[in-house]
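Work the whole structure out from these sequences, hints included.
Residue numbers (my numbering): 17 to 514.
Because the hints were derived from the structure by calculation, they are not lab data.
Keep in mind the model is a prediction, meaning the values are calculated, not measured.
Errors might be hidden in some of the hints.
Claimed, not checked - Straight-line Cα separation of at most 25 Å, SDA-like style, residue types lysine to any residue; simulated pairs: (1) K305 with E336; (2) K305 with E444; (3) K305 with M461; (4) K305 with L451; (5) K305 with G344; (6) K305 with H360; (7) K305 with I369; (8) K305 with W464; (9) K305 with L352; (10) K305 with G460; (11) K305 with F449; (12) K305 with D318; (13) K305 with R348; (14) K305 with V457; (15) K305 with W373; (16) K305 with D337; (17) K305 with A443; (18) K305 with R261.
Stated by the list, open to error - Simulated restraints, written as ranges between beta carbons of each label pair: (19) H22 with R424: 45 to 53 Å; (20) V457 with A371: 34 to 42 Å; (21) D318 with M387: 21 to 29 Å; (22) Q94 with Q57: 36 to 44 Å; (23) H169 with A248: 54 to 62 Å; (24) A443 with R28: 55 to 63 Å; (25) D68 with E41: 20 to 28 Å; (26) G60 with H169: 46 to 54 Å; (27) D318 with L393: 20 to 28 Å; (28) P389 with L501: 55 to 63 Å; (29) S270 with D139: 16 to 24 Å; (30) E41 with A371: 49 to 57 Å; (31) E440 with P157: 38 to 46 Å; (32) T506 with R424: 52 to 60 Å.
Glycine included, each C-beta is placed from N, C-alpha and C at the ideal position.
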Amino acid sequence: MNELTHLEPGMRLIYGGNRVATVDEALATAFQAGDRLIVVQSTGDLLHVPTDAWRIAGNAVGAASSAFDQMSAVTDDQISAFYEAFAGRLEDDASFSPIAAANDADVTSARDRGRTTTRLVLDDTMRRDMIEGLRMWRDAPGGRGEIIESIQHQGWRVDQIRAGLGVVGFVFEGRPNVFADATGVIRAGNTVVFRIGSDALGTAEAIVEHALDPAIAEAGLPAGAASLVATASRAAGWAMFSDSRVGLAVARGSGPAVAQLGAVARQAGLPVSLHGTGGTWIVAGESAKASNFAAAVTHSLDRKVCNTLNTAAIVDSRAEDLVPAFLGALRRVEDLQGVTVKLHVVVESDGLIPAEWFEERGIQRAEGEVMEPQAELISGDRLGEEWEWEESPELTLTLVPDVETAIRLFNEQSPKFAASLISEDAAEHERFFNLIDSPFVGDGMTRWVDGQYAFNRPELGLSNWQFGRLFGRGGVLSGDSVYTLRARATQDDPELRR
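Right, dumping it as structure tokens:
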């Protein structure tokens, strides 16, 4: 078998069956013997995986794979003990102290490099949520060995039995709490291998050293039941999602990065669950109560996460009172949070926005405060653009002729994640639910879209339908939804034959 040992500038590589990608000089220079090159068949992206990244990812997947082979001998009580031990170490100030110090260092480093830290800070609220989530898994039923269906035949029967799926490969952005959430797959008898964003790598390594690994050992789970890909290299994520030992590839983070990881996993033959672009919509219908609309807007902008309000649409017939209610809600956000809101207004919708909104004010960006117009005009084809903000909430406003138009715009431009309708018309709510192409639909604030908050299940991620509707499950990927079925036949009649 011939092995790729070098690349040359201008080398042409076929992808997608009938297209050609060209190796540039930088890639040719960086590529060394022993490295891997992944050609993404859907885009032609040439992904360079250095030997070290391939080895580190492979070792982590190998540890998780070996641990899965031993999980059938682990009892549900041991798994419960693991979650309690993990939660206890996060709760104990002595064992949490080095984790907090590592997080402080990660946050400082990210800020120094002009990176966003909104989701990186492991504050008291995040710590409490991690502990609560782990204890939810401690108390949750495992489901292993549960008979889902029993089919009785003459002289024999077949049972469909829940079982662990295998190794769950998980690539996620720099959010330390997700690191704890993702261990939920162990509840169902799986193992997990993580690759976290480089901004939070130090925090993750501290969690492993001071809480996760000690909890695994104390509970008697096999070493490697939860394994960290300990490198800042993005290439390690591509390597992990190219490993056939992974039973499910889960990616969450920015839309383009998630789409690329999903493409790598799919062409390697791995099942994929993608959790990418967020940004929710609120639509105010003709019968909307101004106070309800304003409250939904205010309470959907407390922090930047995937279920934060991104786009608000108001029907024309109610613009004169609902636009002021909307702007008043934004001023309330500013008062409550001590920030300045950034507003984008679709050009056809700017007539009711007071001139003062277009004056320059200090907007908090990742690099610090920036003086810029508080409101700016944008074109109507940018409604689906997700605004990534730091302290200053950022969102879009548009006016629409009717709710049906808002639904069409959502279906055409949004990432198809979450939408709310503010309306007093029950029939309109029913039409909205039936026509909106979204897995999460509500009638108030959008921040309810969360596995732990809404469903009492710490989530591995929330799926939108940007990458296709989901088969056989809802939009929340949680630990107890990662399983497979085994079939077991039992014969009463030894002479059974076909």
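Verification of the hints:
As the CA atoms of K305 and E336 are separated by approximately 13 Å, the hinted pair is consistent with the 25 Å bound. For the proposed pair K305 and E444, the alpha carbon gap of about 14 Å is at most 25 Å, so the pair holds. Pair hint K305 plus M461 holds up; C-alpha atoms about 14 Å apart against a cutoff of 25 Å. Note on K305 and L451: the hinted pairing holds, with a Cα-Cα distance of about 22 Å set against a maximum of 25 Å.
Between the alpha carbons of K305 and G344 the distance comes to roughly 14 Å, so the proposed pair stays at or under 25 Å and holds. Taking the CA atoms of K305 and H360, the gap is about 23 Å. The hint holds against a cut of 25 Å. In summary, the hint linking K305 to I369 is supported, as the alpha carbons are separated by about 20 Å, within the 25 Å threshold. The hinted pair formed by K305 and W464 meets the criterion: a straight-line CA distance of about 20 Å does not exceed 25 Å.
Annotation: proposed proximity of K305 to L352 holds, straight-line Cα distance about 22 Å (limit 25 Å). For the given pair, K305 sits about 11 Å from G460 by alpha-carbon distance, which is consistent with the 25 Å threshold. Under the criterion of a C-alpha separation no larger than 25 Å, the hint pairing K305 with F449 is consistent with the structure, at around 19 Å. Distance check on the hinted pair: K305 and D318 sit about 21 Å apart at the alpha-carbon level, within 25 Å; holds.
Among the hinted pairs, K305 with R348 is consistent with the structure: their alpha-carbon atoms are about 17 Å apart, no more than 25 Å. This hinted pair checks out: K305 and V457 have alpha carbons roughly 18 Å apart, not beyond 25 Å. Taken as a hint, the K305 and W373 pair is honoured in the structure, with Cα atoms around 24 Å apart against an allowance of 25 Å. Pair hint K305 plus D337 holds up; C-alpha atoms about 10 Å apart against a cutoff of 25 Å.
With a CA separation close to 16 Å, the supplied pair K305 and A443 stays within the 25 Å bound. Restraint check: the Cα-Cα separation between K305 and R261 comes to about 54 Å, which exceeds 25 Å; the hinted pair is violated. Between H22 and R424 the Cβ separation comes to about 52 Å, which falls inside the hinted range of 45 to 53 Å. For the pair V457 and A371, the supplied restraint of 34 to 42 Å holds, since their beta-carbon distance comes to about 36 Å.
For the hinted restraint 21 to 29 Å between D318 and M387, the CB-CB distance of approximately 25 Å keeps it satisfied. The hint said 36 to 44 Å for the Cβ distance between Q94 and Q57, and at roughly 42 Å that hint holds. Checking the proposed 54 to 62 Å range against H169 and A248 shows it holds: the Cβ atoms sit about 56 Å from each other. The hinted window of 55 to 63 Å between A443 and R28 holds, with their beta carbons roughly 58 Å apart.
At about 22 Å, the CB distance of D68 to E41 agrees with the hint of 20 to 28 Å. Evaluation of the 46 to 54 Å hint for G60 and H169 yields a pass: the beta carbon distance comes to about 52 Å. About 26 Å separates the C-beta atoms of D318 and L393, a value consistent with the hinted range of 20 to 28 Å. Under the hint 55 to 63 Å, the C-beta atoms of P389 and L501, about 56 Å apart, fit the expected range.
One distance hint, 16 to 24 Å for the beta-carbon pair S270 and D139, holds here, with the actual separation near 23 Å. Range check, E41 to A371: Cβ separation about 52 Å, and the 49 to 57 Å hint holds. Checking the proposed 38 to 46 Å range against E440 and P157 shows it holds: the Cβ atoms sit about 40 Å from each other. T506 and R424 have their C-beta atoms about 54 Å apart, which keeps the hinted 52 to 60 Å range intact.
When held up to the earlier numbered hints, the structure conflicts with hint 18 and nothing else.
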